[in-house]
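Number of protein chains: 2
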Amino acid sequence: MSAREAFGRLMAHARETAALEQVAGRLGWDQETMMPRGAAEQRGEELAAMEGVLHARRADPRLGAWLAEAGAGTGAGPAEPVAAAQLRQIARAHARACKVPVALAREIARVTSLAQGEWAEARARDAVAPFLPRLTEVVRLKREEGQALADGGDPYDALVDDYEPQMTGADIAAMFSALRPRLVALRERVLGAAQHPPALDGSFAAETQTRMARRLAMIFGYDFSRGRIDFSVHPFTSGSGNDVRITTRVAESDPFNCFYSTIHEAGHAVYEQNVDPDYLLTPIGCGASMGVHESQSRICENQIGRSRAFTAWLFAEMRDRFGEFGTATEEEFFATVNRVQPGYIRTEADEVHYNLHIMLRFDLERALIRGELAVADLEAAWNDRFAADFGVAVDRPSNGMLQDVHWSAGLFGYFPTYALGNLYAGCLHQAMRADLPGLDANLAAGDPGEAIAWLREKVHRHGALNPPAETIRLACGFAPEAGPLLDYLEAKFGAIYGL
Amino acid sequence: MSAREAFGRLMAHARETAALEQVAGRLGWDQETMMPRGAAEQRGEELAAMEGVLHARRADPRLGAWLAEAGAGTGAGPAEPVAAAQLRQIARAHARACKVPVALAREIARVTSLAQGEWAEARARDAVAPFLPRLTEVVRLKREEGQALADGGDPYDALVDDYEPQMTGADIAAMFSALRPRLVALRERVLGAAQHPPALDGSFAAETQTRMARRLAMIFGYDFSRGRIDFSVHPFTSGSGNDVRITTRVAESDPFNCFYSTIHEAGHAVYEQNVDPDYLLTPIGCGASMGVHESQSRICENQIGRSRAFTAWLFAEMRDRFGEFGTATEEEFFATVNRVQPGYIRTEADEVHYNLHIMLRFDLERALIRGELAVADLEAAWNDRFAADFGVAVDRPSNGMLQDVHWSAGLFGYFPTYALGNLYAGCLHQAMRADLPGLDANLAAGDPGEAIAWLREKVHRHGALNPPAETIRLACGFAPEAGPLLDYLEAKFGAIYGL
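Each protein sequence line maps, in turn, to chains A and B.
Here my numbering = 1-based position in the first sequence + 1155.
Here my numbering = 1-based position in the second sequence + 1155.
Extracted from the complex, chain A is given alone in its bound form (with noise of 0.2 angstroms):
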């Protein structure tokens, strides 16, 4: 066999590959938004035997020879860079997965499907112990990957990468360092300052934030024809290609949440929407890395859909749809959406606090994966740091250790990237302002349209093409590093609060 026929072998498993994932995924978008709830346990099963026929994709022993004779990992591979990283890209996925024993695989799928629901309930109910044994089980599932994965090194880092390519736990720890000190000086003088702008009040028919944030989803590139809202607990975007599907979330006494939940999804979205189309179905036709994809979704949520500029549109126009609501002034508005406060839940969280919610996550679930802390100590862990971090203490479980589904989605090494996407939407903000100088005359109009496509341009359209960092390093014109996000919030905060 050629190179060039093992390398069109390979596409085309990678293809149909590629296509059962998006079924698999659908089947999560599902369990979020449409599932009966007695069906849980059925599917359970379903994301397993998937997970089974996956895993077993992946791992095809078809793909080692292919992948040799197509030249992959070695100077013989193709040039042309598509054909290069699309071979990167399934020699990646082979490469981890004949390292986890599908056995392993399919226990993960089936039972984080599970633990997801008894989340929910113990949320709910606040009540922590019933829900310890499954997450133990979770816990001891992923540390039993990260370690098969890891080859002696450390099983952690091997989470993270499948998050994140290329990326350490110690690299994550280091950009933490680089951050906080700026961070936790610009938390106390806000939190000091002498005038606090006031919180929204008042109650938003759920009707018109609906339709509110259909009407943002769109203005910010969100292509309904290959898409859809729906509602869940937790906000999600699911899918890839021409079948992308967002949630979101309404709650008559804070538009905001719905609005910029639906922001932040719209930029997930609307980043899987803008890839090459060329790239359907194959491995580089998708995000480059779940930071990558963060920082779309933020620097829509915030850079854009929190900056002066356009706050002005979005107050006029929540003032046309809801009648007076209290506050009287531009400024005063861009003031209330850009609060800053300690609270309990990282997704309602504002810019200055969001990246220490995920510090304190990243340092309890890298310690559960190395075996240093027990499930059983997490809440008493979980809620000293916050206290020490944040001055207050957790009242409730659903405030603190159970308000997140990651872990029991067996998502552990998934939260840090929360944190790079929001340092690579600083660097990317800054590398746009510089390109679009007319930028704050479109936002005030309503229209992010120049923005969306600078990042189309820039980002979107190249989809795992390059590596994460690289990505970023491209579009920029820098490589990734802590500073201009830092710029942003020390300036922005600054005049809000007048330090």
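For the record, the hints were derived by calculation from the structure and aren't laboratory data.
All residues carry an ideal CB built from backbone N, CA and C; glycine is no exception.
Worth double-checking, as some hints may not be accurate.
[What the hints assert, rightly or not] Distance ranges between label pairs, derived from CB positions:
1) R1494/B x S1380/A: 37 to 43 angstroms
2) E1276/A x G1163/B: 51 to 57 angstroms
3) D1281/A x D1431/B: 34 to 40 angstroms
[Claimed, not checked] Every beta carbon over 12 angstroms from chain B, so not counted as near; a handful from chain A, in silico:
4) E1160
5) T1172
6) G1230
7) G1382
8) A1564
9) Q1585
10) E1605
Position chain B relative to chain A; hints supplied.
Coordinates of chain B only, in the frame set by chain A:
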């Protein structure tokens, strides 16, 4: 390997296959209820990939060895009926899969997924010509599949066998010969009657209809904790075990359509939900055949739901919910519900006309698959036959050959199971009435629970433990035949029309 070990391996393999079949089925549900239109092509690839996986599993050469070891098809197989039935089902699916090349199975999945979307568009535009090339392709592929399955026999018989095991085109033709004369005679007497009941008139709020539909599903035994109701162009039921979903439709001018579609689909769904939980995700953990399935939906919809007793309750319910709507008495309401009128649309047909719609489709699709009718001539053949049987000229394709999705979906051999279901329902109803002398009193109180419990005990819980005709024979105490259905129709419509 012992026979016992071989059986264990077969069951473990079959359980995973059953789980994957549920996943593929849910993709179909999603396509009709949730999928964004721009995803159609990608969905075709996803379904083809799933079909490739399922086909490879069913044709897995290890199954042949295990089946031989377990004594399938010989006197040495398990004596215990459940194990024997499981083995029979596995052997059947394996034998069928081995005859069909995987490339053909995948191509059928891909093309029929596309064809369904194109059919919907053709129907909406009443444009036959642009759709004919795709339909020709579907017919060609299904004929090829039928030929591969038939081993030189009749390809249509081979396709029928997929939906109704042990039934042939000749059996169906014989059954239709038994039904047709008395049906046609009844139709003529009814249409010639001196007085005809009025049609329902007025507008019925969609939201109230939807609430009423949920209530109807519930009283017919549908368990919402293991299912859900959505809307679709054509109502359908999807899934087995603990995730059985139904759809309905609502038109403000026609609440009966919504109510009886819902009861019909609930009848299907309750059958699946009531299968013995021990059979969950096994080869017998589903309905025995499409014909038996349809008997459960039709007995709920017609023999129970359109009975004099149940319509008395429904009349009072509708007056409570919608106010006066122009029908004065229970008797008049019963007649209006059962109004007989020639119409274009099968799914809206009354009990007298329904089977005539099926006979038309049976003859045409059998000729298509046997190569005796070209797709190019289908519209003319349909319209000629319709005029002959119904005395009305088809006015447009959406009222003619484009009205049903089945052929686009590749479901050749499926239509006759609808008529078979009606015949089975007639048998079951006769036996049920003999067992439950007080049923009408319960139905008049809006409670079909006694009838559902009878069906659960006699039919539902057994799943596919027995072949279809045997399932009906065991439930009724006699072999299925056309007499009971015809007796029932003549008595009911004789009374309503004063014949």
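Distal placement of T1172/A relative to chain B, Cβ over 12 angstroms: violated (8 angstroms)
Separation of E1605/A from chain B, once the least beta-carbon distance is taken, above 12 angstroms: holds (24 angstroms)
Cβ distance range 51 to 57 angstroms for E1276/A and G1163/B, holds or violated: violated (34 angstroms)
Status of the given 37 to 43 angstroms range, CB of S1380/A versus CB of R1494/B: holds (41 angstroms)
Interface-negative label, E1160/A against chain B, beta-carbon threshold 12 angstroms: The claim stands: E1160/A keeps its Cβ more than 12 angstroms from every Cβ of chain B (closest is about 19 angstroms).
Reported absence of G1230/A from the contact zone with chain B (all CB gaps over 12 angstroms): For G1230/A, whose nearest Cβ neighbour in chain B is about 34 angstroms away, the distance exceeds 12 angstroms, so it holds.
Check on A1564/A being off the interface with chain B, judged by Cβ distance over 12 angstroms: The claim holds: A1564/A sits with its nearest Cβ about 19 angstroms from chain B, beyond 12 angstroms.
Given as non-interface: Q1585/A, partner chain B, CB spacing beyond 12 angstroms: holds (34 angstroms)
Interface exclusion of G1382/A relative to chain B, criterion Cβ beyond 12 angstroms: violated (6 angstroms)
D1431/B and D1281/A - C-beta distance against the hinted 34 to 40 angstroms: holds (38 angstroms)
Hints 2, 5 and 7 from the earlier list are contradicted by this structure; the remaining hints agree with it.
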